[in-house]
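Trainee: The chain contents come next:
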Amino acid sequence: MNHQITARGVVKSYGNSPALRGVDFAAARGEVVAITGPSGSGKSTLLHCLAGIVRPDAGSVHLDGQRIDDTSEAHRSRLRRSRFGVLFQFGHLVPELTAAENVAMPLLLAGVRRREAVTAARNWLERFDVADLAGKRPGEVSGGQAQRVAAARALVTEPEVLFADEPTGALDTLASEQVMTQLTRVARSAATTVLLVTHDARTAAYADREVVVRDGTVQGPPPLAGTPGPGAPAALRSTP
Amino acid sequence: MSLGHVLLGLLVPGERHGYELKRHYDARFPAARPLASAQVYATLARLARDGFVQQQEPERVGGPDRTAYALTAEGRAELQRWLEEVEPPSPFVANPLAVKVTVAVLIAGGDAARDYLHRQRAAHLERMRVYTRTKTAPGAALTEVLAADYALEHLNADLHWIDTALARVAALTEEITP
Ligand SMILES: Nc1ncnc2c1ncn2[C@@H]1O[C@H](COP(=O)(O)OP(=O)(O)OP(=O)(O)O)[C@@H](O)[C@H]1O
Ligand SMILES: [Mg+2]
Numbered sequence: 001m002n003h004q005i006t007a008r009g010v011v012k013s014y015g016n017s018p019a020l021r022g023v024d025f026a027a028a029r030g031e032v033v034a035i036t037g038p039s040g041s042g043k044s045t046l047l048h049c050l051a052g053i054v055r056p057d058a059g060s061v062h063l064d065g066q067r068i069d070d071t072s073e074a075h076r077s078r079l080r081r082s083r084f085g086v087l088f089q090f091g092h093l094v095p096e097l098t099a100a101e102n103v104a105m106p107l108l109l110a111g112v113r114r115r116e117a118v119t120a121a122r123n124w125l126e127r128f129d130v131a132d133l134a135g136k137r138p139g140e141v142s143g144g145q146a147q148r149v150a151a152a153r154a155l156v157t158e159p160e161v162l163f164a165d166e167p168t169g170a171l172d173t174l175a176s177e178q179v180m181t182q183l184t185r186v187a188r189s190a191a192t193t194v195l196l197v198t199h200d201a202r203t204a205a206y207a208d209r210e211v212v213v214r215d216g217t218v219q220g221p222p223p224l225a226g227t228p229g230p231g232a233p234a235a236l237r238s239t240p
Numbered sequence: 001m002s003l004g005h006v007l008l009g010l011l012v013p014g015e016r017h018g019y020e021l022k023r024h025y026d027a028r029f030p031a032a033r034p035l036a037s038a039q040v041y042a043t044l045a046r047l048a049r050d051g052f053v054q055q056q057e058p059e060r061v062g063g064p065d066r067t068a069y070a071l072t073a074e075g076r077a078e079l080q081r082w083l084e085e086v087e088p089p090s091p092f093v094a095n096p097l098a099v100k101v102t103v104a105v106l107i108a109g110g111d112a113a114r115d116y117l118h119r120q121r122a123a124h125l126e127r128m129r130v131y132t133r134t135k136t137a138p139g140a141a142l143t144e145v146l147a148a149d150y151a152l153e154h155l156n157a158d159l160h161w162i163d164t165a166l167a168r169v170a171a172l173t174e175e176i177t178p
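Sequence lines, in order, name chains A and B.
Each residue of the first sequence is one higher than the one before, counting from 1 in this note's numbering.
Each residue of the second sequence is one higher than the one before, counting from 1 in this note's numbering.
Since the hints were derived computationally from the structure, they do not count as laboratory data.
Treat the hints with caution; some may be incorrect.
[Unchecked claim] Over the 12 Å line for every Cβ pair with chain A, so calculated as not near, a few chain B residues:
no., residue
1, Gly9
2, Glu15
3, Arg23
4, Ala27
5, Leu35
6, Gly51
7, Gln56
8, Trp82
9, Tyr131
10, Asp158
[To be verified] Between beta-carbon pairs, the in silico distance windows are:
no., chain 1, residue 1, chain 2, residue 2, range
11, B, Ala123, A, Arg21, 26 to 34 Å
12, B, Ala123, A, Asp24, 51 to 59 Å
13, B, Asp149, A, Leu109, 33 to 41 Å
14, A, Arg113, B, Tyr150, 43 to 51 Å
15, A, Leu109, B, His160, 50 to 58 Å
16, A, Asp64, B, Tyr19, 55 to 63 Å
17, B, Gln39, A, Gly169, 16 to 24 Å
18, B, Arg33, A, Arg55, 24 to 32 Å
19, A, Arg113, B, Arg33, 55 to 63 Å
20, B, Asp149, A, Arg114, 40 to 48 Å
21, A, Arg55, B, Ala123, 35 to 43 Å
[Said to hold, decoys possible] Only some residues are given here: those of chain A computed to face chain B with a beta carbon under 8 Å:
no., residue
22, Gly30
23, Pro38
24, Gly40
25, Ala74
26, Arg202
Just so it is clear, the structure is predicted and the values come from calculations on it, not from any experiment.
Using N, Cα and C, we set each Cβ at its ideal position, and we do this for glycine too.
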């Protein structure tokens, strides 16, 4: 299988406490992968290592076959701006700017002309059904609306990979549904890879598959439902 | 919930044949098990006996299939009474998952129970993905969305239980193995 982003044996400790103890991970282009697991298991740390925000102590991260974890901070930061998008639990919109200006910002930083950037921003707000909020500031919209604006901003540069950490963590069921429905629809139509950290199974169910992190390690893919794995004791294999 | 009340509800818009009722039921409640025709006719016969529905004149001579049923005033009153009642929360929550965990611990130890719970979690999430696809498909009917919402919340509750159970396997093993 042709993987777009891979991690091999990634280790990361904070002081003496290991957060990741040798994690392997791979995602194909256009895949939507949920990264789940108990609190403190290392999900965010894994996401940050994959996105080049945090440098692993050992192991490697590759994007399209190119190693990215041992490059300079400047290089990784350029990579994040040009090929990655990020979305966090609280969208971190700039409070002084309107929704449209927030969404246009990554394009302006990339040197796109103002008029084009604003047009693109409006298009993206439209795709997330919040075009009517273009002129509002983050303080004037609901949490769910702000998160859709943040999602539009994360995707406006048409990144190859979107890294999302608990994007629905602060939202109720219906607001989560709106964010996730739009996000996965848009990502799938553009073949954007989405790596989605969540502790909510209802959010994880929007993904194509799930990777479970427990205690800083990733379990192998579980055997098909209903067929006990090779490790299951013989006594359980014939359970009716 | 009784099938009788559901059929009464489906007769509110107007009289219907038994087979039409079955078709409407299956379309309205896509997540439910499809009805057996025999079950529909048996229930209609009981409702007719109790005066809640009235059998209409057959359109032409033939089998019971040709008979339409209409809601009576008593039927409507019964439906109203039923709607005013809340459903009693079930006092016994059947949990085959918990039984399996306990048996797994007894027969093969904590690792077998954990292994089972991991596989059960994957199976539950796979089912949740199916419901999520159904409800987010463009043009999904709201009855389908509501049925999927309900199923998703229940599966999600199971998943919460699975995660808690995983954290308790060690203690459980300690307690129940001799
Ligand atoms: N910046 C940091 N400094 C020190 N320790 C950290 C730091 N970030 C994470 N950790 C520790 O690393 C471990 C993994 O943390 P991480 O944030 O990756 O977990 P998580 O799975 O995302 O948890 P949650 O679901 O609560 O967000 C935890 O024990 C945490 O305390
Ligand atoms: Mg986290």
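Trainee: All the hints need checking, so say for each whether the structure fits it.
Mentor: The hints, checked one at a time:
no.	hint	result
1	Gly9	holds (26 Å)
2	Glu15	holds (38 Å)
3	Arg23	holds (30 Å)
4	Ala27	holds (24 Å)
5	Leu35	holds (27 Å)
6	Gly51	holds (42 Å)
7	Gln56	holds (43 Å)
8	Trp82	holds (28 Å)
9	Tyr131	violated (7 Å)
10	Asp158	violated (9 Å)
11	B:Ala123 to A:Arg21: 26 to 34 Å	holds (27 Å)
12	B:Ala123 to A:Asp24: 51 to 59 Å	violated (24 Å)
13	B:Asp149 to A:Leu109: 33 to 41 Å	holds (40 Å)
14	A:Arg113 to B:Tyr150: 43 to 51 Å	holds (50 Å)
15	A:Leu109 to B:His160: 50 to 58 Å	violated (41 Å)
16	A:Asp64 to B:Tyr19: 55 to 63 Å	holds (58 Å)
17	B:Gln39 to A:Gly169: 16 to 24 Å	violated (45 Å)
18	B:Arg33 to A:Arg55: 24 to 32 Å	violated (54 Å)
19	A:Arg113 to B:Arg33: 55 to 63 Å	holds (60 Å)
20	B:Asp149 to A:Arg114: 40 to 48 Å	holds (43 Å)
21	A:Arg55 to B:Ala123: 35 to 43 Å	holds (37 Å)
22	Gly30	violated (16 Å)
23	Pro38	holds (7 Å)
24	Gly40	violated (12 Å)
25	Ala74	violated (40 Å)
26	Arg202	holds (5 Å)
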